[in-house]
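K.L.:
Given chain A, put chain B with the ligands in place with the hints provided.
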Amino acid sequence: MKRIIFLGSIIILWEGVYKLDIWPDFMFPSPLNVLDTLIDGLMNGTYSIALLHSLRRLLIGYTIAVTLGIVISIVLATNKTMDETFGTLVLSLQSVPSVVWLPLALLWFKMGETSIIFVVVVGGIWNMIMNTSTGIKNVDPTLIRCGKNLGYQGLDLFTKIILPASIPHIITGMRLAWAFCWRALMAAEILSTGQGLGQILMWGRDMGNMNTVVSVMLMIAFTGLITDNLVFRKIELKIFEKWGLMAS
Amino acid sequence: MIKINNLNKAYGKINVLQDINLHIKESEFVSFIGPSGCGKSTLINIIAGLDKATSGKVLVDEKEINGTHTDRIMVFQNAALFPWLDVYGNVAFGLKNICKDPNEIRDKVEEVLRKVHLSKFKHHYPHQLSGGMKQRVSIARSIVMDPKILLMDEPFSALDEQTRMLLHNELQEIWMETGKTILFVTHNIREAVKLSDRVIIMGIRPGCIVDDIAIDMAHPRQSTDSNLFYKEELIFRKLKVEIEKVAKEELGNEYNFEKNHLSWEHNNTMGGGI
Ligand SMILES: Nc1ncnc2c1ncn2[C@@H]1O[C@H](COP(=O)(O)OP(=O)(O)OP(=O)(O)O)[C@@H](O)[C@H]1O
Ligand SMILES: [Mg+2]
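Protein chains in written order, with my numbering: chain A, 741 to 988; chain B, 548 to 821.
Isolated chain A (complex conformation):
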């Protein structure tokens, strides 16, 4: 309720400033026009198709990032040399903004889907690796001993005890990876071609159409917010509750 009132007052304030006519329309759009453009875009399909394009790339990239992230973490957890070499590399790679990889991707894969998906994967994977391997390393050693004691060994011990025991960390990693993949996708789309949200955003700019720009920005923000709050936070909270952990 508070949020709705807050949102309402922002729109009113925004419309008020717009009515003052300080800046021309192409620099400061009216919220009502933006809303119109948004609904229009969704109805006539331009926005929804763009959203689907973006989500498709996101899902592909994200799935690869999560799977590969978990696999790499397992390798790091079981191989000390790898952990000491590649593990430290991950730390430094994590601080490289993912768009920086785009030129490299363009050289490798040419302009197109693969390059964008590559950037998305790179955007999420470091967080996934960091969180998953922290989870694996911090499994209570007594649980591992307990598992051995109950007759579990080798791969079984890993899949039935070590992995499930790291689930809270893995979920946090998945949530962060989603957010980072989303950011990476937008950056990559803005800078390359195709039919995603990022590209409509740039197209709006080229047309000098501020309504398009702001309405797409809104869509990007809401998509991120909704997935984070409605999907990941919920799952995370549920798991933390089931485990008796405090939600962070």
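Possibly wrong hints are sitting among the right ones.
[What the hints assert, rightly or not] Derived pair list, reagent style DSBU-like, types lysine-lysine, alpha-carbon separation capped at 30 Å:
#1 B:K643 with A:K982
#2 A:K900 with B:K695
#3 B:K647 with A:K900
#4 B:K727 with B:K599
#5 A:K900 with B:K643
#6 B:K643 with B:K695
#7 B:K599 with B:K643
#8 B:K604 with B:K550
#9 B:K655 with A:K900
#10 A:K900 with A:K820
#11 A:K982 with B:K669
To be clear, the hints were calculated from the coordinates, so they are not data collected in a lab.
P.N.:
Just chain B with the ligands now, with coordinates in the frame of chain A:
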């Protein structure tokens, strides 16, 4: 059924266990008591197969042990339940390894849950249970495997007195009913005397067996029995010598062990909870 021959264990240059020799008969309830750091956990972990001896052998039914085996199951001090499984899942966890028939698994788990009075809680998760209930789940998870030997490393040391008494009775019932061989590490003299057929007193630096005291009394025992009281005092006197030794070493020569320096009550837990 368990034979330990000339067992030694060293961490680096430090001898933790030296020349341990011990025979334990089937269905015997044996307690291990000794000053903190004397190697009780190390010994029981070696018997469990979770740790390796530096030299010497552990034989179970004349066969030398090699790693863990489901005929030797350990109950850990802090219960060590799997937080992602409910009570039922925890108890069934190890059983699934040795038994493939789902109906049989279900029947066995239900039965053991009744035995430890947890049938009503089978869908609870570990964090929803009290300390005593957790430890009961842990015991259930172990005995459902029907091991020959149950190893318990201070299983009740984190519990309050009332819960502990309750679990003593439950453990005793289970033991009398199933006739398992139980090795039980504790800091609590009273607990050891009340439950066991034998109390092994261990000394420190290096860890060794100092004495082996038989408690030949019928089970179940009443805590008020004066014979128990006599045994408790006997064990306390022997333990005091060992604890004195540690204290002297740690505090140097100035240390004077005064009479009754350690205030001893009957349910004293010596150096416990560390
Ligand atoms: N992994 C290890 N590396 C080096 N020393 C160890 C290791 N584990 C145990 N020790 C040493 O072995 C000795 C025996 O430890 P252990 O845990 O078996 O004692 P304990 O009798 O169970 O003590 P407590 O009553 O406090 O549980 C201790 O002095 C400890 O410092
Ligand atoms: Mg110990």
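K.L.:
Indicate, hint by hint, whether the structure satisfies it.
P.N.:
Here is what the structure says about each hint:
About 23 Å separates the Cα atoms of B:K643 and A:K982, which keeps this hinted pair within 30 Å; it holds. Proposed proximity of A:K900 and B:K695 is supported: the alpha carbons are some 25 Å apart, at most 30 Å. Of the supplied pair hints, the one linking B:K647 and A:K900 holds, its CA atoms being roughly 16 Å apart against a limit of 30 Å. The straight-line distance between the Cα atoms of B:K727 and B:K599 is roughly 24 Å, inside the 30 Å bound, and the hint therefore holds.
Restraint check for A:K900 and B:K643: the C-alpha separation of about 11 Å stays at or below 30 Å, so the hint holds. The suggested pairing of B:K643 with B:K695 holds, with an alpha-carbon distance near 18 Å, which does not exceed 30 Å. Restraint check for B:K599 and B:K643: the C-alpha separation of about 27 Å stays at or below 30 Å, so the hint holds. Between B:K604 and B:K550 the alpha-carbon distance is near 8 Å, which keeps this suggested pair within the 30 Å criterion.
Note on B:K655 and A:K900: the hinted pairing holds, with a Cα-Cα distance of about 21 Å set against a maximum of 30 Å. As the CA atoms of A:K900 and A:K820 are separated by approximately 22 Å, the hinted pair is consistent with the 30 Å bound. As the CA atoms of A:K982 and B:K669 are separated by approximately 14 Å, the hinted pair is consistent with the 30 Å bound.
Going down the numbered hints, you'll see the structure goes against none, and every one checks out.
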